[in-house]
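Q: Residue numbers (the numbering used here), protein chains in the order written: chain Z, 441 to 771; chain V, 441 to 771.
Keep in mind that the hints were calculated from the coordinates and are not lab data.
Treat the hints loosely; a few may be bogus.
Identical chains blur together in the list; that is why a pair holds if it fits in one copy or across any two.
Claimed, not checked - No farther apart than 25 angstroms at their CA atoms in a straight line, the calculated lysine-lysine pairs in the BS3-like style are these: (1) K517 to K625; (2) K741 to K689; (3) K741 to K687; (4) K625 to K588; (5) K625 to K558; (6) K459 to K708; (7) K558 to K483; (8) K689 to K588; (9) K588 to K558; (10) K517 to K442; (11) K518 to K704; (12) K517 to K483; (13) K588 to K518; (14) K708 to K689; (15) K588 to K442; (16) K708 to K697; (17) K517 to K741; (18) K741 to K558; (19) K741 to K588; (20) K697 to K687; (21) K697 to K739; (22) K625 to K687; (23) K638 to K558.
Model, not experiment: these values are computed from the prediction.
Protein chains: 2
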Amino acid sequence: MKIAVDAMGGDHAPGEIVKGACQAAEAFPQLELILVGREREIKPFLPNGSQPGNVVIRQAEETVAMGEHPAQAVRSKKDSSIVVATRMVREKEADALVSAGSTGAQMAASLLGLGRIKGVERPAIATVMPTLEGGKLVLDVGANPDAKAEHLLQYARMGSIYAERILGLREPRVGLLNIGGEEGKGNDLTQHAYPLLKASGLNFIGNIEGRDVPYGRADVVVCDGFVGNVLLKTAEGLAGAFFEQIKEKITSSPVRKLGALMVKPGLKEIARSLDYAEYGGAPLLGVNGISIICHGSSKAKAIRNAVRVAKECVQSRFVEEISRALRPADR
Amino acid sequence: MKIAVDAMGGDHAPGEIVKGACQAAEAFPQLELILVGREREIKPFLPNGSQPGNVVIRQAEETVAMGEHPAQAVRSKKDSSIVVATRMVREKEADALVSAGSTGAQMAASLLGLGRIKGVERPAIATVMPTLEGGKLVLDVGANPDAKAEHLLQYARMGSIYAERILGLREPRVGLLNIGGEEGKGNDLTQHAYPLLKASGLNFIGNIEGRDVPYGRADVVVCDGFVGNVLLKTAEGLAGAFFEQIKEKITSSPVRKLGALMVKPGLKEIARSLDYAEYGGAPLLGVNGISIICHGSSKAKAIRNAVRVAKECVQSRFVEEISRALRPADR
Numbered sequence: 441m442k443i444a445v446d447a448m449g450g451d452h453a454p455g456e457i458v459k460g461a462c463q464a465a466e467a468f469p470q471l472e473l474i475l476v477g478r479e480r481e482i483k484p485f486l487p488n489g490s491q492p493g494n495v496v497i498r499q500a501e502e503t504v505a506m507g508e509h510p511a512q513a514v515r516s517k518k519d520s521s522i523v524v525a526t527r528m529v530r531e532k533e534a535d536a537l538v539s540a541g542s543t544g545a546q547m548a549a550s551l552l553g554l555g556r557i558k559g560v561e562r563p564a565i566a567t568v569m570p571t572l573e574g575g576k577l578v579l580d581v582g583a584n585p586d587a588k589a590e591h592l593l594q595y596a597r598m599g600s601i602y603a604e605r606i607l608g609l610r611e612p613r614v615g616l617l618n619i620g621g622e623e624g625k626g627n628d629l630t631q632h633a634y635p636l637l638k639a640s641g642l643n644f645i646g647n648i649e650g651r652d653v654p655y656g657r658a659d660v661v662v663c664d665g666f667v668g669n670v671l672l673k674t675a676e677g678l679a680g681a682f683f684e685q686i687k688e689k690i691t692s693s694p695v696r697k698l699g700a701l702m703v704k705p706g707l708k709e710i711a712r713s714l715d716y717a718e719y720g721g722a723p724l725l726g727v728n729g730i731s732i733i734c735h736g737s738s739k740a741k742a743i744r745n746a747v748r749v750a751k752e753c754v755q756s757r758f759v760e761e762i763s764r765a766l767r768p769a770d771r
Numbered sequence: 441m442k443i444a445v446d447a448m449g450g451d452h453a454p455g456e457i458v459k460g461a462c463q464a465a466e467a468f469p470q471l472e473l474i475l476v477g478r479e480r481e482i483k484p485f486l487p488n489g490s491q492p493g494n495v496v497i498r499q500a501e502e503t504v505a506m507g508e509h510p511a512q513a514v515r516s517k518k519d520s521s522i523v524v525a526t527r528m529v530r531e532k533e534a535d536a537l538v539s540a541g542s543t544g545a546q547m548a549a550s551l552l553g554l555g556r557i558k559g560v561e562r563p564a565i566a567t568v569m570p571t572l573e574g575g576k577l578v579l580d581v582g583a584n585p586d587a588k589a590e591h592l593l594q595y596a597r598m599g600s601i602y603a604e605r606i607l608g609l610r611e612p613r614v615g616l617l618n619i620g621g622e623e624g625k626g627n628d629l630t631q632h633a634y635p636l637l638k639a640s641g642l643n644f645i646g647n648i649e650g651r652d653v654p655y656g657r658a659d660v661v662v663c664d665g666f667v668g669n670v671l672l673k674t675a676e677g678l679a680g681a682f683f684e685q686i687k688e689k690i691t692s693s694p695v696r697k698l699g700a701l702m703v704k705p706g707l708k709e710i711a712r713s714l715d716y717a718e719y720g721g722a723p724l725l726g727v728n729g730i731s732i733i734c735h736g737s738s739k740a741k742a743i744r745n746a747v748r749v750a751k752e753c754v755q756s757r758f759v760e761e762i763s764r765a766l767r768p769a770d771r
């Protein structure tokens, strides 16, 4: 199995990306890792001497920066690492791609290069959110800021397949992110989506509210891309703000400093449980190929786990699963 | 100045409500507190003997439960505590009302009983969110789940007045809650709202993302009622889940238990900084009178602070301020 890794994408590219890819190559010797990007910038980060035999470099001269207009950049930069990596998947030179670069560019490249699965109206960016009950899937977190009720239904179908196949959650509980518990609550979108989900045959548990998400009350949280993005980034910001405050407050006196040392392992466990890097990344659901989106600030560990996710996606053949579940006849 | 308090509304009514109102009566002897509800249920909670002289009871036989359909309940239950308290404000028997009961019912009662300020298209529920930089205003958090760009502009105007007059924030920085920093990002609503806010003459700092909110990067966060409600409840849920985890992880061994004792004061400080009760409540902005909405789980302290907020709202005459700022000629 071949996994293409966008070596130039992300806040810590290419160093951490290359490092993570090499770790994955060692962890999964049956894989072939293809580092896509500028060879001269990638080479220095390869473990000299001990470079894994299952890591190769695919030269791509250009890069797409975070600021650039995604669609324009992807159209004009045919030799950028994200475009080349995506093309390799389309042309079956790779089974999946992993990138921590501009999410917009990765989405544009996937839509242009791989296209949508037949029957899928809108792809969705799924993300695995840490909760008290482990990682749960939230989608869409930004692919489609103005969604229709039918899109949310498709997100629920795609998300359920992912949660079952990759997160290993049996009969995943699908929750509609809403502002009240009862049916009929919410905005125009959720009021229309509710009956569709109710009739979907999925394990729909009804509306869930923002406060339910961190407690893991749903395995698959469905919402439009605007709301999901706000939810995700708010959670990130709050976790960061919490830890800042804790660091400050539990070290503000000698006694507290001593206590801090004693509880540190516990706090570390919490930090680990909140670490998105554990989940690596999540695919752009609905495109005709496996394109794993990683957090822009991904380091080696996140990339290594993202490669694992890509591998599991290929093995579980969930692109075929989704096309079966969403084939037009179904709708 | 007379403040009507819905003694029957809230998870801890009437006990905590009565207690909080009496505390406020003592703290602000110049106020007259009017407890609205069933006298026989209120009386037992009055400090026997030492009942403050500036606390009176206004009999209201009915109550509106959380589950009930707000508008229907308000129309049919003319003698419910929330309807009576609102009527007292309309008929100038009280200068403001405070309730921790059903937000929907309070909103319906305010709209029917007080009406909208001339020029206000949609009232907004504002809430003060604790951040690393102190309490910041977020609105709308649920009054109007399907907002138009013009509504967001009005929220920004009303919120700025509140932030300046009640939160004491000079030239409050208004942020548009969005899913990207640059102008042009977002969904249809935010794309249309951005230019309106830019041209508003307010201290508009542009788009802010979910992760900026906990850091207090804006003093007034403007969003539609659906997104605001998700943001607020997610923050509540995360804070709760976080403290649960901390409690568990820092007491899971004897050493950690000891350390926990030493850092406890620090954690308490954080909990206090996150305590909505400190802010008491926030008004329904845009209605023609002062109606302070409290968290359903409010206890005495939150009610006491809500009465203070009500008092400050009356003193700052911000209803007049808003009607000046939003008078049709302005638009």
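Q: Each hint: holds or not?
A: Hints and how they fare:
1. With identical chains, the CA atoms of K517 and K625 are at most 25 angstroms apart between copies only, with a shortest distance of 22 angstroms across copies and 46 angstroms within one.
2. Within a single copy, K741 and K689 get their C-alpha atoms only as close as 29 angstroms, which misses the 25 angstroms cut-off; across copies the closest is 24 angstroms, which meets it.
3. Proximity of K741 and K687 under a CA criterion of 25 angstroms is satisfied intra-copy only: 24 angstroms inside one chain copy versus 28 angstroms between copies.
4. Taking identical chains as interchangeable, the C-alpha atoms of K625 and K588 lie at most 25 angstroms apart whether they share a chain (17 angstroms) or sit on different chains (19 angstroms).
5. For the identical chains of this complex, K625 and K558 are neighbours neither inside a copy (32 angstroms) nor across copies (28 angstroms), given an alpha-carbon limit of 25 angstroms.
6. Proximity of K459 to K708 under the C-alpha cut-off of 25 angstroms is restricted to the intra-copy arrangement: shortest distance 23 angstroms within a copy versus 41 angstroms between copies.
7. With identical chains, the CA atoms of K558 and K483 are never at most 25 angstroms apart, being 40 angstroms at best within one copy and 68 angstroms at best between copies.
8. Taking the shortest alpha-carbon separations for K689 and K588, neither the intra-copy value of 45 angstroms nor the inter-copy value of 42 angstroms comes in at or below 25 angstroms.
9. Taking identical chains as interchangeable, the C-alpha atoms of K588 and K558 lie at most 25 angstroms apart only when both belong to the same chain, with a minimum of 18 angstroms there against 34 angstroms between chains.
10. Proximity of K517 and K442 under a CA criterion of 25 angstroms is satisfied intra-copy only: 24 angstroms inside one chain copy versus 68 angstroms between copies.
11. Taking the closest pair of Cα atoms, K518 and K704 never come within 25 angstroms of each other, the shortest separation being 48 angstroms inside a single copy and 57 angstroms across copies.
12. In the homo-oligomer, the alpha carbons of K517 and K483 lie at most 25 angstroms apart inside one protomer (22 angstroms), although the nearest pairing across protomers, at 76 angstroms, exceeds that limit.
13. In this assembly of identical chains, the alpha carbons of K588 and K518 never lie at most 25 angstroms apart, being 32 angstroms within a copy and 40 angstroms across copies at closest.
14. Taking the shortest Cα distances, K708 and K689 sit within 25 angstroms of each other both inside one copy (16 angstroms) and across copies (9 angstroms).
15. In this assembly of identical chains, K588 and K442 lie within 25 angstroms of each other by CA distance neither inside one copy nor across copies; the values are 36 angstroms within and 48 angstroms between.
16. When the C-alpha separation of K708 and K697 is checked against a cutoff of 25 angstroms, the pair qualifies both within a copy, at 16 angstroms, and between copies, at 15 angstroms.
17. Neither within a single protomer nor between protomers do K517 and K741 lie at most 25 angstroms apart by alpha-carbon distance, with minima of 29 angstroms and 60 angstroms respectively.
18. With identical chains, the CA atoms of K741 and K558 are never at most 25 angstroms apart, being 34 angstroms at best within one copy and 57 angstroms at best between copies.
19. For a Cα distance limit of 25 angstroms, the shortest separation of K741 from K588 qualifies neither inside one copy, at 36 angstroms, nor across copies, at 43 angstroms.
20. Within a single copy, K697 and K687 get their C-alpha atoms as close as 10 angstroms, and across copies as close as 18 angstroms, so both meet the 25 angstroms cut-off.
21. In this assembly of identical chains, the alpha carbons of K697 and K739 never lie at most 25 angstroms apart, being 30 angstroms within a copy and 33 angstroms across copies at closest.
22. Taking CA atoms no more than 25 angstroms apart as the test, K625 paired with K687 passes in neither setting, with 40 angstroms inside one copy and 34 angstroms between copies.
23. In this homomeric assembly, K638 and K558 come within 25 angstroms of each other (Cα to Cα) only inside a single copy, at 24 angstroms, whereas the closest approach across copies is 42 angstroms.
Hints 5, 7, 8, 11, 13, 15, 17, 18, 19, 21 and 22 from the earlier list are contradicted by this structure; the remaining hints agree with it.
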